[in-house]
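Listed here are the chains, written in short residue letters.
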Amino acid sequence: MTNETSKVIPIQPVSYSRSRQAGESQDVLDHIIDDFQDNPESMQYFYDLFRSVYCHGDEIKHEGMLVGTTCIQAPEELIYAFGATPMRLCNGSYHYDQKGAEFMPSKSCSLVKATLGMLNSDNVIPKIGKPDMIVNPTTCDQKKKSSSMMGDMGYKVYDLEFPNVKESEASRQYWQRSVRQFATELRQLTGRKLTKKGLQAAFNKTGRAQAAFRKLHSYRLLSPSIILGKDIFLVTNAYFFDDITRWTEKVEALNVELEARKQAGFKAVQSKAPRVLFTGSPPIFPNLKLPLLIEEAGGVVVADESCSANRMLYDMTAVDEWMVNDMVDSLADKYLKPCTCPIFTKNEDRKRRLLDLVKSFDADGVVYQAFSGCQVYEMEYRSVAEAFNQAGIPMLYVETDYSPDDKGQLSTRIEAFLESMKNRKKQKQRALG
Amino acid sequence: MNYFAGIDVGSTAIKVAVVNETGDIAGVHVTASGSLFHKNSLEALNMLLSNLGLKRTDIRYLIATGYGRKLFKEADDSISEITANAIGAFEAGKAFGGVRTIINIGGQDSKAIQIDDTGNVVNFAMNDKCAAGTGRFLDVAARNLDLDLEELGEYHFKSEVAPLNINSTCTVFAESEIIGLLANGHGKAEIIAGIHYSIASRTVRLAKRVGIEDRVYFDGGPALNKGLVAALQDELGRELVIPEHPQTTTAFGAAILARNEFEAEQSLVPA
Amino acid sequence: MTNLEHIRTAVNNVQFNRFRFWLQIFFFALLVYGGYLGIELGKHLPTFACGYNKELRGGMCFLMPLQHWMEWPWEKLFSAAALTILYGFAIFFLWFIALNRGWCGFACPVGTIQDWITSLRRWTGIRYSRYSEGQYKGLGIIKWVLLALMFLIPLGIGGGWFTHDLKSPFCMICPGRTVVPLFGLDVSQWSIDFSSRTNMIMTSLGLLVTGLFFIGAFVKKRFFCFYCPMGALHYLFSKAALLRLNKEGAKCTRCGDCYRVCDLQIKEIADDIQNKNIMTDDCIMCLKCVAACPEPGALKATFAGIPIFEATEAGFIKRMNKGRTDDK
Amino acid sequence: MNRVFIVIAALSLSLVTSMSAANADVLWLTETAPPKASASQVADHAAHHHAMHSSTSAVSKTATSDSGKHDHTGMIVLDETPGKDHRPSKQVWLRRGDDIKKSPFSDLDGGDPSLTLIDQAGKKSVVEAGQENGLFTLKAEMPEVGFYEAYLEQRSVKEGRLLVELPKIELLWASCQPKEIDEEAVAKPIVNEAVALELVRIHKEDEGCMNRIVSGDVVNFQVLSYGKPVAGIPVSMVTQEGWRNTQTSDASGTVAFTMIREYFPNWLEFKKYHTDVFLVSAVMEKNESGALNGQSYSSVRYEATLPGKYRPSPHDYRSYAWGLGISFFVIVFGGLAVYLYRRRRLKPYKEVRVDDKS
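Heads up: the sequence lines are chains A, B, C and D, in that order. For this note's numbering, count along the first sequence from 1 and bump the result up by 109. For this note's numbering, count along the second sequence from 1 and bump the result up by 286. For this note's numbering, count along the third sequence from 1 and bump the result up by 22. For this note's numbering, count along the fourth sequence from 1 and bump the result up by 263.
Watch out, some of these pointers could steer you wrong.
[To be verified] A short list of chain A residues far from chain C (calculated; beta carbon distances all over 12 Å): (1) Tyr125; (2) Asp144; (3) Asn148; (4) Asn232; (5) Ala279; (6) Leu331; (7) Phe375; (8) Lys381; (9) Thr449; (10) Lys531; (11) Lys535.
[As the list claims (entries may be wrong)] Below, in silico cross-link-like pairs of lysine-lysine (DSBU-like), each with a Cα-Cα straight-line distance of 30 Å or less: (12) A:Lys468 to C:Lys289; (13) A:Lys537 to C:Lys273; (14) A:Lys324 to C:Lys273; (15) B:Lys325 to B:Lys356; (16) C:Lys298 to A:Lys455.
To be clear, the hints were calculated from the coordinates, so they are not data collected in a lab. Backbone N, C-alpha and C define an ideal beta-carbon position, used for all residues, glycine too.
Based on the sequences and whatever the hints tell you, model everything.
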């Protein structure tokens, strides 16, 4: 029996560029590029990169095996040393966030949900291919639990055991052992040996990238700012998937341009623009909602303390003896000791780092983003707020997620916050003058 | 004579305030937002001007605030309603011996603001996305109880028994909870009192986040609701300061700011 | 930029390990071969310029006269003759406050020899050892015990309780006695003295320690410094010294880079963010930590309050090859 | 090896003692105090002078500070700067007879004594002798570090022969403080050109203040008359244990003796600071005539003496084989232990154990 009106409708492939996530990225990118004046010319590479990867779904080439990382705690130097390429899987797409909700409770962290959603979709963006292995450092609960989910999706997942206390010597050694174990795992995966030469080359790669980042970081010390925070976030987000050497070269080019800007006395913002320190859950493209709102409202993000920028690239490794053994241990130390991730039991370091950043970057206030469901940031809010309160630094705590529907409300809050900072500044000047 | 205006384009109502050179209120006007709030805003402004017998050119500086502030291009400048509210409350509070803490319940949001002794915002908190504890909540409740919004205040005091507990924090769920309570034979008065206490306790929690100092200035449309005021005062355990036109404090603040900005600009022009 | 700033930048960007290597050679030549050139810095040096190195030495380790004085009969020790000791201490102190424990990190011949042994190990590609936290705490007491014995045994000799064969007890077990004279081609310390039980035991102990010294220094950086009673003695006076190691806790990220390179495994250098004066009893003031600190101004060496060597980002990047572009 | 050499040397030398010119009655100076009589002073002196060695040798309790600047025993001796509180001086006594163990302490014979003290710089001073318990004694003040020579000259006429007794002693004030030692001056012998016969020990080139003579050493003496070397003078040596040897000075006036080993204690009783005394004497006869105090003589006999001290050879108690052996053993087995420990130590930290007791 066939009914004339009933028929099977075959799946109609939609080209990626017409998909929802492409649209989402397109919107944000247009916003980043077109709604601001005087974007640095060297940023064009990054704009084009994101357009190509997120809007057109172009493939990214990589060398050797692909090792996905779900956290900055995975030592990428080791991955490079084995001739593989690391790629950070943390995702900022609202589209994937919604997709990932089928794995995680809806109240859980958008970032983890989006990452799962991305990994589970047929059309993984950024398109880098299927990772040969995913390294999942056991940091926060949600990342921990996503391990088996990723495994169920058919990925080879390696749980890199990460301690939750960093003060003790025992945890330091535990972590060193974890990292050594990881090296063994990578050896099995790649079938290559960890050599002094290879590791040193990897150190040079990341070291140079870090040096370039630090240079970029130092230009943000200038007041008035010569570069906006949204561009910095875009640059550091590109580090997730871009070829490291090319990325470094482009950042170095950007640094050259910034030096010229500095010499010319260029201003990217009004000289009275409130300087904001950004902290908390990481802004990951295309979810640059909050930094963009701040800068649209006339503020400027001058520094950040988040794992998508500063925390990822700032701390550098020191090695005393350039031998595999010492280099691996140093590496382990670098990924544990300076880390200010809120997953640790105590986090005096984060508070101190924040206060120091406010001081050295002459920030007028702090915006603290916590993804709803990102419990560790939510829980740490009180103590951080108290520290800032004592230091007389205003802080705005924003609990949000990837959905764009609270933009209106957020913009009111951010504007009010910026206005209060401006007033404060005026008052201070009056008191001084 | 120079006049200055502030317009607060809110989600439920548009408020306009005009002040003279000395910062005294010349007049206020409140109208519903409706769907065409740009048009309505202009109408509200013009209405007030004609009531006051002023021309559009008499308004030397106009500042917009509220959700629609950016879309109201006729304004000279815009400012967030939090700052405007703080300024307005600070100015209005002078008559009451000064205030440091402001609670504002609006149509869609509720805010608590702490200001310093010069009127600057020190700290503020806003409800998150959800509309629980806002004017909208009262709106929905009034509709469910077949009452006018204005009647809620009177009913509050008619209750003979203790206010009922309204547990739901979500407006939508609260609606069904109210229906359930009515079905169980509870009186409207105690339900209304319960609603007021529910909103009051949420608001107090918000206010505690910013810190409560001595007197609390309470504004926004729901401040006209005497029952809510009583509940809030009960929960706070503090003196409340309620201005004459609680709805227009924010617009008034914008107008004051307009006056200040104008003067600041004038002082920059060489004589 | 002023000239001073130029100099400061140059100093802060120095390839520190290389600089230190040459400075150590200079001091080694001065203290171990200085006698050739007629250099005589006296017998109050706060470093192991070993007296057993005969005529070659350019000065003498203070521990030698110190133990000798302590051996004086008590009636003499507690008489006006003790002014000699006070005078000696004063000279020692003056030498010491100039460099603080920089004497250990830069001047000490025994320290330098250990660094050379470490280089040898590094050249062979053998990894170094570290103490566990428990071992570190336990063994850290040894230097204080040695310091106490170094005073008590000679006092006991002076008091008539111990045989005179026990004289200069620390010198007898100090690897400096056996190792430093080797650089003057003098192997005479490498023998066992069978003339009495005490002598036999002490000389055997001395060579035992020498053996341990070589193994220890091979696998552990600055092995002996951890047990050195001279270091303990230094620490007692370090607060008065001119050369200081300072830390600005607020700038520290506790990244542990300094702990990483510390030859003596001093954890406080990375973890302590309260104290400005960060020197511990184990610190040899080699200033490697300052060279390995990426945070500008977090660690600095000051002389009489004037910063002379400071941690800088640029210096770190240069020293740690961070800006290298020659990979592939 | 060394011991064999010493024995052979001793044997060969004892064969040529025929022309012994030794006089059993020689007069010599010593730093050894007479036994009982002045014991208290000796003790006082020793304490004052700071006891340097635990040497219980009956011969020398007064330290001679000759244990070497950096002697090879690992003992470093640092003497203080001579100062007000610690005035260095040495006391010297006179003995007669060549049996070092038994010869009696004596006083001056009356004769015609003269006492001279010469310091390292050659400064001569005439000193007055003293007496203690009826015995001759001399307290020599030694303000500067270095060698001092004390000369006694005593003349008497017996049976028409003038006997000129010329005992001499070398005193040393030593210090380890390098700046205070003038090494060249130390190596240079002190010569008294005013005496008719003198025995001078030739210092070693690297002698310094802290060197000392040990068994097996070859010790050189020079026979001088008025500062000029004299050949053909018989010189004899007597050691503490009574070993004797006589040699005749050569053209440059020198004689050489190899110190024999005489100290053979059990191991545990061995004292490396055991000090023995030797006595060297030379006799020169001349046909000169004259008169002394009214007594005429037709010939003159000069008798010069010089005592010295020596100690056991370090080779008797030092072993390089053992020293190197121990350090080698430690390095090899310690290294192995470290290697094995590091290889087996896969657990990076100690397990925490909890049991009923804790």
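Here's how the hints hold up against the structure:
1. Under the 12 Å C-beta cut-off, the non-interface status given to A:Tyr125 relative to chain C holds; the minimum distance is some 33 Å.
2. For A:Asp144, the non-interface assignment is confirmed: its Cβ lies about 34 Å from the closest Cβ of chain C, beyond the 12 Å cut-off.
3. Its beta-carbon lying about 27 Å from the closest one in chain C, A:Asn148 satisfies the requirement of being farther than 12 Å from that chain.
4. The claim that A:Asn232 is not at the interface with chain C holds, since no C-beta of that chain comes within 12 Å of its own (minimum 33 Å).
5. Listed as outside the interface, A:Ala279 is inconsistent with that label: its C-beta sits roughly 8 Å from the nearest C-beta of chain C, within the 12 Å cut-off.
6. Distance check for A:Leu331 against chain C: the nearest CB is about 16 Å away, which clears 12 Å, and the non-interface claim stands.
7. For A:Phe375, the condition that its CB be more than 12 Å from all CB atoms of chain C holds, with the nearest at approximately 22 Å.
8. The beta carbon of A:Lys381 is kept farther than 12 Å from every beta carbon of chain C, the shortest such distance being approximately 27 Å.
9. A cut-off of 12 Å between C-beta atoms contradicts the statement that A:Thr449 is not in contact with chain C; the least separation is 8 Å.
10. Distance check on A:Lys531: its Cβ is at least 27 Å (rounded) from any Cβ of chain C, clearing the 12 Å threshold; non-interface status holds.
11. Distance check on A:Lys535: its Cβ is at least 28 Å (rounded) from any Cβ of chain C, clearing the 12 Å threshold; non-interface status holds.
12. A distance of roughly 27 Å separates the Cα atoms of A:Lys468 and C:Lys289; the hinted pair therefore holds under the 30 Å criterion.
13. For the proposed pair A:Lys537 and C:Lys273, the alpha carbon gap of about 26 Å is at most 30 Å, so the pair holds.
14. This hinted pair checks out: A:Lys324 and C:Lys273 have alpha carbons roughly 18 Å apart, not beyond 30 Å.
15. A distance of roughly 14 Å separates the Cα atoms of B:Lys325 and B:Lys356; the hinted pair therefore holds under the 30 Å criterion.
16. Proximity of C:Lys298 to A:Lys455 is assessed by CA-CA distance (about 23 Å); at most 30 Å being required, the pair is judged to hold.
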